[in-house]
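*Asks:* Following the hints, put chain B in place on chain A, whose structure we already have.
So the protein lines, in turn, are chains A and B. Reminder that position 155 of the first sequence reads as 155 in the working numbering, one-by-one numbering, no gaps. Reminder that position 131 of the second sequence reads as 131 in the working numbering, one-by-one numbering, no gaps.
Please keep in mind that the hints were generated in silico from the structure rather than gathered at the bench. Zero decoy hints are in this set.
Only pairs whose alpha carbons sit at most 35 Å apart, straight line, appear in this in silico DSBU-like list of lysine-lysine:
#	chain 1	residue 1	chain 2	residue 2
1	B	K93	B	K6
2	B	K457	A	K35
3	A	K6	B	K134
4	A	K150	A	K177
5	B	K251	A	K319
6	B	K9	B	K150
7	B	K197	A	K212
8	A	K96	A	K134
9	B	K35	A	K85
10	B	K96	A	K6
11	A	K100	B	K9
Okay, the calculated bits of chain B under chain A, using three or more residues with CB under 8 Å as the criterion:
#	stretch
12	8-21
13	28-36
Since the model is a prediction, treat every value here as computed from it, not as a measurement. Where a beta carbon is used, it is the ideal one built from N, C-alpha and C, also for glycine.
2 protein chains.
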Amino acid sequence: MSEKLKELKQYIENMNRYHHVVTLLQWDMYTTVPKEGYDRHADAVAYFSTQQFQMSVDSKLGELLEVLNGEEYNSLEDDWKFIVKRMKRDFEKNQKIPAKLYEEYVRALSESQRAWEEAKNASDFNIFAPHLKKLIGLVEEVTGYTDPEKEIYDALLNQYEEGMDSATIDRIFEELKQELIPMIQKIIAVKQPANPKFQGDFDPDIQEKVQKLLLEYIGFRWSRGAVGRTEHPFTLNFTSKDVRVTNHYHKENAISAMFSAIHEGGHGIFEQNVKEEFDGTVAGSCGYMGIHESQSRFYENIMGRNRNFWVPIYEEIQKLLPGYENISLEEFYHEINRVENSLIRVEADELTYCQHIILRYEMEKAIFRDHLPVEELPALWNKKMQEYLQITPPNDAAGILQDMHWSGGSFGYFPSYLLGSIYDGMLLEQVEKELGDLDLILKEGRILEVTKWLNEKIHVYGSSRLPKDTIWEVCGKEVSAKPLIRYFKEKYSSLYGIEL
Amino acid sequence: MSEKLKELKQYIENMNRYHHVVTLLQWDMYTTVPKEGYDRHADAVAYFSTQQFQMSVDSKLGELLEVLNGEEYNSLEDDWKFIVKRMKRDFEKNQKIPAKLYEEYVRALSESQRAWEEAKNASDFNIFAPHLKKLIGLVEEVTGYTDPEKEIYDALLNQYEEGMDSATIDRIFEELKQELIPMIQKIIAVKQPANPKFQGDFDPDIQEKVQKLLLEYIGFRWSRGAVGRTEHPFTLNFTSKDVRVTNHYHKENAISAMFSAIHEGGHGIFEQNVKEEFDGTVAGSCGYMGIHESQSRFYENIMGRNRNFWVPIYEEIQKLLPGYENISLEEFYHEINRVENSLIRVEADELTYCQHIILRYEMEKAIFRDHLPVEELPALWNKKMQEYLQITPPNDAAGILQDMHWSGGSFGYFPSYLLGSIYDGMLLEQVEKELGDLDLILKEGRILEVTKWLNEKIHVYGSSRLPKDTIWEVCGKEVSAKPLIRYFKEKYSSLYGIEL
Chain A
1 MSEKLKELKQ
11 YIENMNRYHH
21 VVTLLQWDMY
31 TTVPKEGYDR
41 HADAVAYFST
51 QQFQMSVDSK
61 LGELLEVLNG
71 EEYNSLEDDW
81 KFIVKRMKRD
91 FEKNQKIPAK
101 LYEEYVRALS
111 ESQRAWEEAK
121 NASDFNIFAP
131 HLKKLIGLVE
141 EVTGYTDPEK
151 EIYDALLNQY
161 EEGMDSATID
171 RIFEELKQEL
181 IPMIQKIIAV
191 KQPANPKFQG
201 DFDPDIQEKV
211 QKLLLEYIGF
221 RWSRGAVGRT
231 EHPFTLNFTS
241 KDVRVTNHYH
251 KENAISAMFS
261 AIHEGGHGIF
271 EQNVKEEFDG
281 TVAGSCGYMG
291 IHESQSRFYE
301 NIMGRNRNFW
311 VPIYEEIQKL
321 LPGYENISLE
331 EFYHEINRVE
341 NSLIRVEADE
351 LTYCQHIILR
361 YEMEKAIFRD
371 HLPVEELPAL
381 WNKKMQEYLQ
391 ITPPNDAAGI
401 LQDMHWSGGS
411 FGYFPSYLLG
421 SIYDGMLLEQ
431 VEKELGDLDL
441 ILKEGRILEV
451 TKWLNEKIHV
461 YGSSRLPKDT
471 IWEVCGKEVS
481 AKPLIRYFKE
491 KYSSLYGIEL
Chain B
1 MSEKLKELKQ
11 YIENMNRYHH
21 VVTLLQWDMY
31 TTVPKEGYDR
41 HADAVAYFST
51 QQFQMSVDSK
61 LGELLEVLNG
71 EEYNSLEDDW
81 KFIVKRMKRD
91 FEKNQKIPAK
101 LYEEYVRALS
111 ESQRAWEEAK
121 NASDFNIFAP
131 HLKKLIGLVE
141 EVTGYTDPEK
151 EIYDALLNQY
161 EEGMDSATID
171 RIFEELKQEL
181 IPMIQKIIAV
191 KQPANPKFQG
201 DFDPDIQEKV
211 QKLLLEYIGF
221 RWSRGAVGRT
231 EHPFTLNFTS
241 KDVRVTNHYH
251 KENAISAMFS
261 AIHEGGHGIF
271 EQNVKEEFDG
281 TVAGSCGYMG
291 IHESQSRFYE
301 NIMGRNRNFW
311 VPIYEEIQKL
321 LPGYENISLE
331 EFYHEINRVE
341 NSLIRVEADE
351 LTYCQHIILR
361 YEMEKAIFRD
371 HLPVEELPAL
381 WNKKMQEYLQ
391 ITPPNDAAGI
401 LQDMHWSGGS
411 FGYFPSYLLG
421 SIYDGMLLEQ
431 VEKELGDLDL
441 ILKEGRILEV
451 TKWLNEKIHV
461 YGSSRLPKDT
471 IWEVCGKEVS
481 AKPLIRYFKE
491 KYSSLYGIEL
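Chain A on its own, in the form it takes in the complex (with noise of 0.2 Å):
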């Protein structure tokens, strides 16, 4: 090895000591602090976080990167190739953000983010708002540094999908929303009253159980994983072996931590499962949004709402689950796949879902583009609810304060959802190929035989392999929305007994 290699090495060692501690910080917040240490936990995510940054803009690093892509270059291995290259690109637009904008930035979001539970709890847009109008006018500032050519709404979404533009994203999403909104419309009605059997009083500590159960089921390894409760679940992880989901548990129903549960168990899989040699690189931990969702979302929708993927374990789930006794697998399939407009997106079916994801996606071009005022969104929101899903939020917390991902920076993400799922459309095509029946592999308990699939066709590449090659790579075929079209008609004419 090159010692300039080997410099680069240590370099990164350091540098990602702060990342693990801010990764740490991160976590407690969102799992364990209580309510007065919060403050301190928040000064050091934005004193580690500064020294992290400091770190990758530090000239010294430069230098390195300036040698190991000329020089050197030809004589790295090709996992190596990738990372300089990308570290050479993001040091080069990192170097743009002035030190004092970013310190001013950690320390924004840090702030956004508890005044987001803050209003969220109180159902008041109006604490949140000030706070969101700051973030949004520091993205744009941020952005306008790293990304001057582009424009501003394409550069957050190239941030989660790379190589993803709003022009291919407006035609994507308009094949599928023509054909979603009349399936919806049929769908809905055919009369599909609430089964008042999930109603319940279900203990948290039960339901953990029943996450484990489901986590343990789809190939979540305890021996590199974690679980933590936290208002909104996600996913955070150090490195492929130490990757933690959290989970949130409504009292009065135990369905939605369990999708939580699969869904979040899908982005672990991914992360648990990257190459080990990524560790701490760039090449390391997926940082493409899109084809991340695709792997919660197989695990959710495609495999968590075939009735096929409950066969091996209801009984069980009966066990735990106290009335349960009394609810048939059949039932239980019918109510994860009941059809209904609703106000809150997680808690969604997979079909209107859809058109939660659209309203959010143009309410994200409503502020970087139009710069429409943040007073002004909750009744856009609103508005487009009715327009949609024909339904008005009664407060702003089952509206427009229900998802974190704009307290947390996270601008230009929510398409990737769907975008997710329009992929899951073709991998289910390929696994089928591959594999055989994918109700036949649910129903005989095969299921790992997906996630080994999946770890070695996505999983393992990390993010040395942009969303559009690993789709080209494992389908063979470019980005469309038709199969997911395909699967939702096949699923949803038998499930309902009509025509779609």
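*Replies:* Structure of chain B alone, referenced to chain A:
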């Protein structure tokens, strides 16, 4: 405020951030990190502790402390007089430790803690022995630098209870031992068969609910507190505003975790009530372990093993723990005070517990005074167990490997537990003098009055007052084992209806 004091405060704040993340890493290592994630945590602990240590010996700090302890000293407020004096002493000590040695020590600690867990699980002292040997050597080396004038074991004792030496401890422990030996013999002669009703299958989740109930009852505050699960219960604090207690749940018996909850809760309440202005300084967070243990053990034993402690809450506990509906408070009271010669310190009744400590105290003297080879320690342990408790451990896990202290480099800590109990005898006398009969206070559900008294008399001072001074200020007497002996005699003669 003088410029120099401002600078010192800034310096402390900076240094505390490193302490903060090291504390969090340790918390996570004991409560959450998955097996494969451990190494990166350990690496980060070593790195950031070393950073912190380097700041603690930086000449810039030395200069500030020189000025503040010199020409500016008289202008300081009393609290800061204590702080700068104490910091100067610590600075001078730390400066004597070579940086490389310190780093090696920190790394060895991480490794030995993990080795201890493995060894305990495998019940094999040989796994732990090389780590213990290395740690003893390193502790001797470090102490040789910091306290060259002191006999090494006295130096270690002094680290945990400043002002204590083995001559004093020998005297007090002897006073107690002479009384205890016949007392325990008389009590053990009374037949006390184990009550099989207490064996069961207690879900850890339910035991955690009991823990939370108990913590709230004694005055632990959730706005500045959190709980976790671990192999061996401990309490850890960032500042008074973020104090965390852990527990370990034994499935077959719920009593052990209840008393761990109360014990750690006592430590936690102490830390939550140290004067906020001391947060982050050497005056905050009580560093005197005898005094600290006096608080945890006052809650655990003096109050927790008193029948009346349970009167206001026993019904609630009966509702939570399956089988307890058939156990009367009277039976419960007898069970938690059943005196027997047993293997495990943390499970021992409050009388034989004293023997467990005296054994460990003598083991430590054998290590540091007689330089007994590490390989011979298990045999000595077992010999002493037979001698003092007429019982021989069937394996290392139930013998020399049962405690985590040595694996964490805490040599000289064990005597603190017994000093704590000795202080407790004195505190009990004083509480009753000032607040009235403790039985009545507890029975009437007024335990928070005692907590408030302890807050005001002891907790608020943190580290700003030495143990001997604390006892003198609160009780107006020199330390003596007589009140504890009196308490033992009264309680157990009434409980067993015998003359003691």
